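Chain A is fixed; fit chain B onto it per the hints.
So the sequence lines, in the order shown, correspond to chains A and B.
Each residue of the first sequence is one higher than the last, beginning at 1 in the working numbering.
Each residue of the second sequence is one higher than the last, beginning at 1 in the working numbering.
No wet-lab data here; the hints were simulated from the structure.
Small disclaimer: the values here were computed from a predicted structure and weren't measured.
Each hint should be verified, as a subset may be incorrect.
Since the list can't tell identical chains apart, any single copy or any two copies may satisfy a pair.
[Said to hold, decoys possible] Only pairs whose alpha carbons sit at most 25 Å apart, straight line, appear in this in silico DMTMM-like list of lysine to aspartate or glutamate: (1) K113 / E182; (2) K49 / D76; (3) K113 / E156; (4) K62 / E26; (5) K49 / D61; (6) K113 / D100; (7) K113 / E37; (8) K113 / D133; (9) K62 / D76; (10) K113 / D172; (11) K62 / E156; (12) K62 / D133; (13) K113 / E44; (14) K62 / E44.
Number of protein chains: 2
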Amino acid sequence: MAEMAGQQGRLAGRRLAFLATDGVEEVEYTEPRAAAERAGAQVELISIKAGSVQAVQHDLDKSQMYLVDRVVTQADPGSYDALVLPGGVVNPDRLRMNWDAVNFVRTFVEARKTIAAICHGPWTLAEADAVRDRTMTSYPSLRTDLRNAGARWVDEPVCVDGGLVTSRRPADLPVFCTTMVEQIAQTERIAAY
Amino acid sequence: MAEMAGQQGRLAGRRLAFLATDGVEEVEYTEPRAAAERAGAQVELISIKAGSVQAVQHDLDKSQMYLVDRVVTQADPGSYDALVLPGGVVNPDRLRMNWDAVNFVRTFVEARKTIAAICHGPWTLAEADAVRDRTMTSYPSLRTDLRNAGARWVDEPVCVDGGLVTSRRPADLPVFCTTMVEQIAQTERIAAY
Numbered sequence: 001m002a003e004m005a006g007q008q009g010r011l012a013g014r015r016l017a018f019l020a021t022d023g024v025e026e027v028e029y030t031e032p033r034a035a036a037e038r039a040g041a042q043v044e045l046i047s048i049k050a051g052s053v054q055a056v057q058h059d060l061d062k063s064q065m066y067l068v069d070r071v072v073t074q075a076d077p078g079s080y081d082a083l084v085l086p087g088g089v090v091n092p093d094r095l096r097m098n099w100d101a102v103n104f105v106r107t108f109v110e111a112r113k114t115i116a117a118i119c120h121g122p123w124t125l126a127e128a129d130a131v132r133d134r135t136m137t138s139y140p141s142l143r144t145d146l147r148n149a150g151a152r153w154v155d156e157p158v159c160v161d162g163g164l165v166t167s168r169r170p171a172d173l174p175v176f177c178t179t180m181v182e183q184i185a186q187t188e189r190i191a192a193y
Numbered sequence: 001m002a003e004m005a006g007q008q009g010r011l012a013g014r015r016l017a018f019l020a021t022d023g024v025e026e027v028e029y030t031e032p033r034a035a036a037e038r039a040g041a042q043v044e045l046i047s048i049k050a051g052s053v054q055a056v057q058h059d060l061d062k063s064q065m066y067l068v069d070r071v072v073t074q075a076d077p078g079s080y081d082a083l084v085l086p087g088g089v090v091n092p093d094r095l096r097m098n099w100d101a102v103n104f105v106r107t108f109v110e111a112r113k114t115i116a117a118i119c120h121g122p123w124t125l126a127e128a129d130a131v132r133d134r135t136m137t138s139y140p141s142l143r144t145d146l147r148n149a150g151a152r153w154v155d156e157p158v159c160v161d162g163g164l165v166t167s168r169r170p171a172d173l174p175v176f177c178t179t180m181v182e183q184i185a186q187t188e189r190i191a192a193y
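The shape of chain A in the complex, shown without the other chains:
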C-alpha cells in the first residue's frame, strides 16, 4: 500500500490501452487497471469485438463479463501512452489470430512505447515478432515459445527491458503493477488528443 499511495497522480493525463478478449484472466485485467487508475491514468479496454469480454479465473472458471471500451479497429494506437497485455491462456490465443490486434501491438513496439505483459499475455508479442533479443519473463508454459521467438527468458517476478515490463503470473501482480506504473511515468507523455 505504501508503494501504491506513493504512485498517486504518477500517471495523470496518461492514456493506457488494455488489449484483451474472452478468456482473459480476471485479476490480470482488474488489478493493473485499478493500479493505473489510482495513479491517475485514463484506461480503455480494447478488444477484437464489441460488447463485453468473458473473464476467467485459473484459465477455466468463468467469472464476470467486462465492458469493452473500444474495438481495436476503432482505436488509434497513437492516442495511447502505453499498452497492457493481461493473460489467461485463451485470451492471447484469440488475439494473436486477429490481424488488427497484432498490428495494434506492433505499432506500440515500433513507437517504443511502454508495453506491460503478464502471464500468457506475451504470446501476442511473439506473434508480432516483438520479443527478439528482449530479456523477459512470462507464464512458464510460454518459455520455449518465447525463446524460439528470440527472447532471453528469465524466471523473475518482474523483468524490465527498455520499455517492456513482464511478469509470470497473478502472484506477481503487486510488483508488476507498481513497476508498470513507474515505467510509464518515466516516459515522455504523448501529445494530448
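Positioned in the frame of chain A, the structure of chain B alone reads:
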C-alpha cells in the same frame, strides 16, 4: 461411414496412448478414441493427474469429466504403438509444463512411432523439440510458435510427415481420424505386453 466401416479391425491388437489433461477439447478426445476403438485398438487416457480430466467445448465451456486410465508416471511408453495428442488450449498449456508428460512424448518421437496431434495438441511437441524440419499443421494460433520451433507449417485439413499426423481443428476430425488409423495400421506392431 464407408471409410470407418473399411477400418474395422485395422488396429486389432494395437495399444494407443491418448495424453491429455484438464481443458481438453471434448470432441478431439472422444472422436479419435472412438475411431481407434472401432478399428479394434486398445486405448488408454494418460494424464498428469489421477482421477478424471475436465473436458471443454470451444475452449471455455466446461463439458463432461473423463476418467484417466493411467497417470503418466505409471505409463511405459514402450507398451504403446502410437500417441494421440488432442487439443483444447488449456490442455497442452498444462501438459508442456510437466516434465514427465514431455518426456513421455519425447520417447515416442525418438522411437519414431506414429504421433497424431490436432488443434493445440502440437504445443507439447514443440516443447519436446519434436517439430524441427517437420511439415505439419495445427490450430492457426500455433503457426508462429511451430515455425519458430523449426516446423514447415501448412494450412491443410490433415498433414502426414513420416509418422506425424496433424490437423487444424474439430472440423478436420473425420479426415484426421481415418488418416490416424491408416498410419498406425501401416506401422509394424510392437511386441505385445
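Against the structure, the hints:
1. With identical chains, the CA atoms of K113 and E182 are at most 25 Å apart within one copy only, with a shortest distance of 13 Å there and 52 Å across copies.
2. For a Cα distance limit of 25 Å, the shortest separation of K49 from D76 inside one copy, 16 Å, qualifies, whereas the shortest one across copies, 46 Å, does not.
3. For the identical chains of this complex, K113 and E156 are intra-copy neighbours only, at 22 Å inside a copy versus 38 Å across copies, given an alpha-carbon limit of 25 Å.
4. For the homomeric pair K62 and E26, the shortest alpha-carbon distances inside one copy (9 Å) and between copies (18 Å) are both at most 25 Å.
5. Taking the shortest alpha-carbon separations for K49 and D61, both the intra-copy value of 21 Å and the inter-copy value of 19 Å come in at or below 25 Å.
6. Taking the shortest Cα distances, K113 and D100 sit within 25 Å of each other inside one copy (18 Å), while across copies they are farther apart (40 Å).
7. Taking CA atoms no more than 25 Å apart as the test, K113 paired with E37 passes inside one copy only; the shortest distance there is 19 Å, against 54 Å between copies.
8. For the homomeric pair K113 and D133, the shortest alpha-carbon distance inside one copy (17 Å) is at most 25 Å, but the shortest distance between copies (36 Å) is not.
9. With identical chains, the CA atoms of K62 and D76 are never at most 25 Å apart, being 30 Å at best within one copy and 36 Å at best between copies.
10. Proximity of K113 and D172 under a CA criterion of 25 Å is satisfied intra-copy only: 22 Å inside one chain copy versus 41 Å between copies.
11. Proximity of K62 to E156 under the C-alpha cut-off of 25 Å is found in neither arrangement, the shortest distances being 28 Å within a copy and 33 Å between copies.
12. Taking the closest pair of Cα atoms, K62 and D133 never come within 25 Å of each other, the shortest separation being 36 Å inside a single copy and 39 Å across copies.
13. In this assembly of identical chains, K113 and E44 lie within 25 Å of each other by CA distance solely inside one copy; the values are 16 Å within and 50 Å between copies.
14. Only within a single protomer do K62 and E44 lie at most 25 Å apart by alpha-carbon distance; the minimum there is 22 Å, versus 30 Å between protomers.
Figure legend: structure checked against the earlier numbered hints; hints not met, in rising order: 9, 11 and 12.
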